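K.L.:
Sequence:
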Amino acid sequence: MDIEHLNHALFFWINNALKSPLGDVLLGYTTHLGNGMVVFPVALLWLYIADRNAFVRNVFALALTGLICGVLLTGAKAFFNAPRPLAVFQDAIQQGAVVVNVMFEPLYEKSFPSGHSQTAFTVAHALVVLISKSRQLSMLVKSSVYGLAALTSLSRVYVGAHFPLDVVAGAVLGAASAHVALLSIEAVTRYIATRKLVQPETQATRTPDVKN
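In the numbering used here, the protein residues as written are 0 to 211.
Keep in mind the hints are simulated off the structure, nothing from the lab. Everything numeric in this text was worked out from a predicted model, so none of it was measured. A couple of the hints might just be wrong.
[Said to hold, decoys possible] With a straight-line cut-off of 30 Å between C-alpha atoms, the simulated DSSO-like cross-links for lysine-lysine are:
id, residue 1, residue 2
1, Lys-132, Lys-195
2, Lys-76, Lys-109
3, Lys-18, Lys-132
4, Lys-141, Lys-18
5, Lys-141, Lys-76
6, Lys-18, Lys-76
Start from the sequences and build out the full structure, keeping to the hints where you can.
P.N.:
Quick look at the structure:
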């Protein structure tokens, strides 16, 4: 079985076989955690509760990380322009050969990578990294944060919006780009702080000109 057939088989297993009233509640509404308008306010609240003193700095880091990851996502979606399940199986659906369970708005294009998955893992990784700087997070808390992001990714297949490969790519892109973005922000911040410290010292040790 090649990657494409495996991708399709996993899609129908998640989208059809797991379909249930409980799944509609658990996965159907968890999918909204991949929406930036929903998850970012939640993230801001957690950052405020975790460390009020570093809140402004952390918000700036989260916003800049989200912006960088958003640009990468937009570029990737435009580059691949992959069809979504409803478009791929359109003929088979019309013939009654397959069933694609869709919750919420039907989508047909720009499937790869999943934006909701990328957003979920971008925010999850950013929260873990930023909050860990000021307080110790237990393995249970970290696992729960990433687990919720994974559940959000899975929900995108359940609601019929993406293939499994889309959400895996989105998750990897989200976590990786967030990690690189945060490291870059930290490096630039340290460089600026170092420059501010060096300049006063240089000025203090500079020999004043003496005019006779």
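K.L.:
Please go over all the hints and tell whether each is borne out by the structure.
P.N.:
The hints, checked one at a time:
1. Lys-132 x Lys-195: Satisfied, since the Cα-Cα distance of roughly 22 Å is no more than 30 Å.
2. Lys-76 x Lys-109: Between Lys-76 and Lys-109 the Cα gap is close to 5 Å, so the pair holds against 30 Å.
3. Lys-18 x Lys-132: 40 Å, violated
4. Lys-141 x Lys-18: Given that 30 Å is the threshold and the Cα spacing comes to 28 Å, the pair holds.
5. Lys-141 x Lys-76: Holds. Lys-141 to Lys-76 sits at ~29 Å (cutoff 30 Å).
6. Lys-18 x Lys-76: It holds: about 28 Å lies between the C-alpha atoms, which stays within 30 Å.
Of the numbered hints listed earlier, the single one contradicted by the structure is hint 3.
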